[in-house]
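Protein chains: 2
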Amino acid sequence: MTARLVSSYCEGEWVAPGAAGSEIFSPLDGALIGSCGDGDINFEEIAHFARTHGGNALRAMTFHQRAHRLKALATYLNERREQLYELSFLTGATWRDAMIDIDGGISTLFVYSSKGRREMPDSKIYRDGGIEQLSQSGNFLGQHICTPRLGVGVHINAFNFPAWGMLEKMAPTLLAGVPAIVKPATQTSFLTQACFAMMIESKIFPPGSIQLIAGGIGDLFDHLGAQDIVSFTGSAQTAGKLKGHEAFTVEGARFMAEQDSLNATVLGTDCTVESEEFTMAVREVVREMTTKAGQKCTAIRRIIVPSNLTKEFSKAVTGELTSISVGDPRNKETRMGALVSHRQKTDVLAKAQMLAEEAELVFGDREQFSSHEGAYMSPLLFHCSDPDSATNIHSVEAFGPVATIMPYRDTAHAIELVNRGGGSLVASIFTNDNKLAREFVEGAAAWHGRLYFANRHTGKEGTGHGSPLPHMVHGGPGRAGGGEELGGIRGVMHYMQRTAIQGNPDLLGAITDSWVRGSQEIHQGPHPFRMHFGELEIGKTFRSKSRQITLEDIEHFAEFTGDNFYAHMDEEAASANPFFPGRVAHGYLLLSFAAGLFVDPDPGPVLANYGLDNLRFLKPVSPGDSIYVRLSAKEKTNRNEEYGEVLWDVELFNQDDEPVASYNLLTMNAH
Amino acid sequence: MTARLVSSYCEGEWVAPGAAGSEIFSPLDGALIGSCGDGDINFEEIAHFARTHGGNALRAMTFHQRAHRLKALATYLNERREQLYELSFLTGATWRDAMIDIDGGISTLFVYSSKGRREMPDSKIYRDGGIEQLSQSGNFLGQHICTPRLGVGVHINAFNFPAWGMLEKMAPTLLAGVPAIVKPATQTSFLTQACFAMMIESKIFPPGSIQLIAGGIGDLFDHLGAQDIVSFTGSAQTAGKLKGHEAFTVEGARFMAEQDSLNATVLGTDCTVESEEFTMAVREVVREMTTKAGQKCTAIRRIIVPSNLTKEFSKAVTGELTSISVGDPRNKETRMGALVSHRQKTDVLAKAQMLAEEAELVFGDREQFSSHEGAYMSPLLFHCSDPDSATNIHSVEAFGPVATIMPYRDTAHAIELVNRGGGSLVASIFTNDNKLAREFVEGAAAWHGRLYFANRHTGKEGTGHGSPLPHMVHGGPGRAGGGEELGGIRGVMHYMQRTAIQGNPDLLGAITDSWVRGSQEIHQGPHPFRMHFGELEIGKTFRSKSRQITLEDIEHFAEFTGDNFYAHMDEEAASANPFFPGRVAHGYLLLSFAAGLFVDPDPGPVLANYGLDNLRFLKPVSPGDSIYVRLSAKEKTNRNEEYGEVLWDVELFNQDDEPVASYNLLTMNAH
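Chains V and R supply the protein sequences, listed in that same order. In terms of our numbering, the first sequence opens at residue 419 and continues consecutively. In terms of our numbering, the second sequence opens at residue 419 and continues consecutively.
Watch out, some of these pointers could steer you wrong.
Because identical chains cannot be distinguished in the list, a pair is counted as satisfied if it fits within a single copy or across any two copies.
Computed list of lysine-lysine pairs in BS3-like fashion (alpha-carbon distance at most 30 Å, straight line) [unchecked claim]:
hint, residue 1, residue 2
1, 878, 769
2, 963, 1054
3, 769, 659
4, 963, 489
5, 769, 489
6, 1037, 489
7, 1054, 489
8, 963, 750
9, 853, 878
10, 963, 878
11, 729, 853
12, 853, 542
13, 1054, 853
14, 729, 542
15, 878, 1054
16, 750, 878
Read the hints as simulated data drawn from the structure, not as lab findings.
Modelling step: build the complete structure from the supplied sequences, incorporating the hints.
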């Protein structure tokens, strides 16, 4: 194999590594496979290029436009992913490990594309929460919005997920409208670079949207300011050092860290050796120890088991570990590949030695593979009989296939032990007792970014202790870095600035592409249901004629629908109800009559009413009262070639112009 | 006047200042009014006392229980607020200034109490967002929750709002379930302490919930860890220093800063001398310069005016400033009181000198009051003709009655200038042009925590450029500190930890006091509408008999309601619609029949159906199809002595058990 030059990509050009770049050796056989770093890069200029070229181009798009490009990118990479598998073996990863990294990364792009289109507006400004009424008459309102930060997202990634690590940070960043500079870890940078090169080749995102720094980041931090964001994945030690940089303490750049942590799994007190949860927990522990050779920031490091089951649990895990074949990851039979490098293996063994001071080795051989050219090692399972006085097992992370079993007395003790990690990315609990689960949440949630509950009901559907999903927050307090990534649209917000907007209804509407109650109504032109999606103006309003509700209507409706609730049918009983003056019209009668008042019957652009939100009945309607409807086009969201969705603001008023009901109506309107 | 000893309140005891405490002098006449600090405090112990005594007691309550106590506290303080006014004069504040501080603080408690009850559950666990579907069959789901951090909230406050500053931080902290340690600024600590003493005397919050450190915080930060939160208000310089402390960079405590910033106001290009917005802007500038003698972190420092109007605007502001009487704040006629101290005045004049290097003084006399015993000074208005090359006017904050007018060429230039502050708490724009407003938002929102738009429509209802409201976020990027306070429930979240929970439906329901779709249904016992609020179990379910929908039903409903939409009435036209197989039942017909199927008619605990949420029609119902209903009690929220609210999860199914509609029904149920 020829050594690869891992190039950077800066200001639209590939930059080869320099003479002083680092050499990268294969973890499989020690052969030189590439060199990386020391390229001729002006860090101030690439940050500037990102903010101007990339930022301006991205901000010119709406959230939906960016989401569509994410989908195109995911599709493009998906068609080429097998090329990346070949390189992935050179990181020590097995086929299954490669899928987690590569397919997992691509799937994150797909999920963000989908969430961006479903949960964000087709607009440049995101509404955060609802309107706040700040004055009595409603002429002065508040609305929080989020807009893209005018800076660059700098992504500092760890070696263990060269594809996923890049893509999971990039998806929310680009969706936010912020350009990214990616800095992969040197040891596996060749895979990141190969994936990145596909993205450039695809030309899907505009120039300056993404850049790559293979090697060190030089003086980049000295050029970061208040609008920039650094998202770091790596060790607690490095994060602590970076956080103190003036870019963050003085200039006001945002810093988010996702650090390795001492993640734990707990077997609930309700479990027995025979229970399904016991077997599931054993399987999960073995999977977490051996996937990526245990080099996962979410991997289980501490196994907390009821003291009466420790021996059996340890035996069961040992039994499973015996069948794990360690070796060349290119071999499909291999269950565990190599560590990423010899350096990493040396570090893991040193950390294992610290665990050995407090715990005995119950499975594995630290000497196995000691003379092998590849960075292979045996899984190591420790048992610590006194986890209360031990400290290393709760604080020293051997970032490899290493975990420690420890006993606990009761649930309170288990909670205490699981929290001893000082903050983790994830803890899992195997239990079929919901009360116990709740006890865990109340006692431990504040120390963990994610709590994963598994039992006979979740069964095979559970996505796994160690798998961050794009839907759920990834990150945790304290030792885990205090940061958050992913979590759906929450992850996008890290790259945006929230701003409180105060003003009058029309102005807020103009800013948020929405009709806000109290704004001007547009009355000219045909009935709004006769207007195609594109023609329909936000604020287009229909005010219906009025209709009287008679006692006969109420009685007829009751008989027809079968809804003979006493508030509609019995004057005396209705009067005794604290909310009603006497018999009143059914709420659904009002809704139905309202539709009769505003619907335009003939075929036209409105294809269907697909739902209704926020319906509130505000004032009872008595026999003899009249109602009329105001219907205003509030928001529009294009969906496909055929139609878009329209959200209507609807109010029903009585003969005294008092609102009696209020809701949002949802229709699909043809183009 | 006798000098007051400003005591601390630690571990349930008042601690008097020590011999080396700071002396506090009156800003009105230089007299000694008190001493503060150097008390005998063990900072490690008070943090521990807060976390254990205060934290445990607060976490034992639900959000609603804590919200009720906030209301009781607000009421208690409100009845005693006049006592605080007397002390407020000794901070240099006028009557109006005192109201902003004291009444403003109390009102923040009221708003948080109300929002806590309306927007948070009556539970110990807050649901953040909805259920995430993580598996196909729905047996494995995700839900984000927030729980109180297990630490202490340390509040470091500025001198300018001794009451509001304490209360606006305390309200969200206590609502979150987190104890607070308050550290007021020494110069005005006597007022904070007086207000704090009332809170202790009220006994409304349990011991350990609130403690007070008058004077320095000693080694407190050395004892903070991953679960603690520091919320700081003050100068950028101090914040920068604090942020670098290992409590934050290594231990993982949260740090939030709200710093003074170079807030600006802009007069839109649409304004003329005659326009209402011109007059409003002049009034606002004068109010911002003189309220609290300009000692507000949100005050207008930079006045950005179209170049053709600068002269007129300057003249108008000058005219108004002439009528501002500066003097003893106890005098009701006084429009502007004293600065908080001579030291502060010296600092402001020094900063004004730096502005004078780039701008000319157009109003005010820096020598006025120079030999006065009180810390009085004249308002100072500067004019800078070249704001592009100037730097001090955009970066040096004279924290007193000082502001600078500057001209701009066009809106792009105004945006550039307003952003030159490097991040601010608030910018205001006076404009009656919504397009211009949108341009401002797109160009400037990312640099500002709040954008305040005022015009003839907002008129007198506008709450003011400089007033942070509990509903809206207070804080801003960059120079403003990068933190956030208030903003309704957003402000509570800073004191909580978000955790992603994964598990099966029943388990998630047990954790969140909610029935989650896919959970077990409780069928035993009477019809759920026959059960009182307290008896009704979450998960109690009613499955109705089924009812066929005939073509006659559809035609009858159409005629009765007037809803003759073609999809219900015209087979051919309906078939041409992409969503319908032919004529289908009205959505509201389904809703109405569903009510007929589940309603229990006789008087009983269900008092009223007050609304409906998230209605989606999932599948068309054709003539001849049947429907039946599943109705399950999903969530309960107690409201008062008489009744509580029940949220029902409702699904309509057809004869093939396919869901055809889904919604949440809202009822009020008697106790």
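Structure-based check of all given hints:
no. : hint         : result
1   : 878 <-> 769  : neither (33 Å within a copy, 67 Å between copies)
2   : 963 <-> 1054 : within (26 Å within a copy, 39 Å between copies)
3   : 769 <-> 659  : within (21 Å within a copy, 34 Å between copies)
4   : 963 <-> 489  : neither (47 Å within a copy, 45 Å between copies)
5   : 769 <-> 489  : neither (42 Å within a copy, 53 Å between copies)
6   : 1037 <-> 489 : between (47 Å within a copy, 28 Å between copies)
7   : 1054 <-> 489 : within (22 Å within a copy, 40 Å between copies)
8   : 963 <-> 750  : neither (73 Å within a copy, 56 Å between copies)
9   : 853 <-> 878  : within (23 Å within a copy, 54 Å between copies)
10  : 963 <-> 878  : neither (58 Å within a copy, 35 Å between copies)
11  : 729 <-> 853  : within (26 Å within a copy, 71 Å between copies)
12  : 853 <-> 542  : between (45 Å within a copy, 15 Å between copies)
13  : 1054 <-> 853 : between (44 Å within a copy, 19 Å between copies)
14  : 729 <-> 542  : neither (58 Å within a copy, 37 Å between copies)
15  : 878 <-> 1054 : neither (40 Å within a copy, 33 Å between copies)
16  : 750 <-> 878  : within (23 Å within a copy, 74 Å between copies)
In the structure shown, a violation is registered for the earlier hints numbered 1, 4, 5, 8, 10, 14 and 15, in ascending order.
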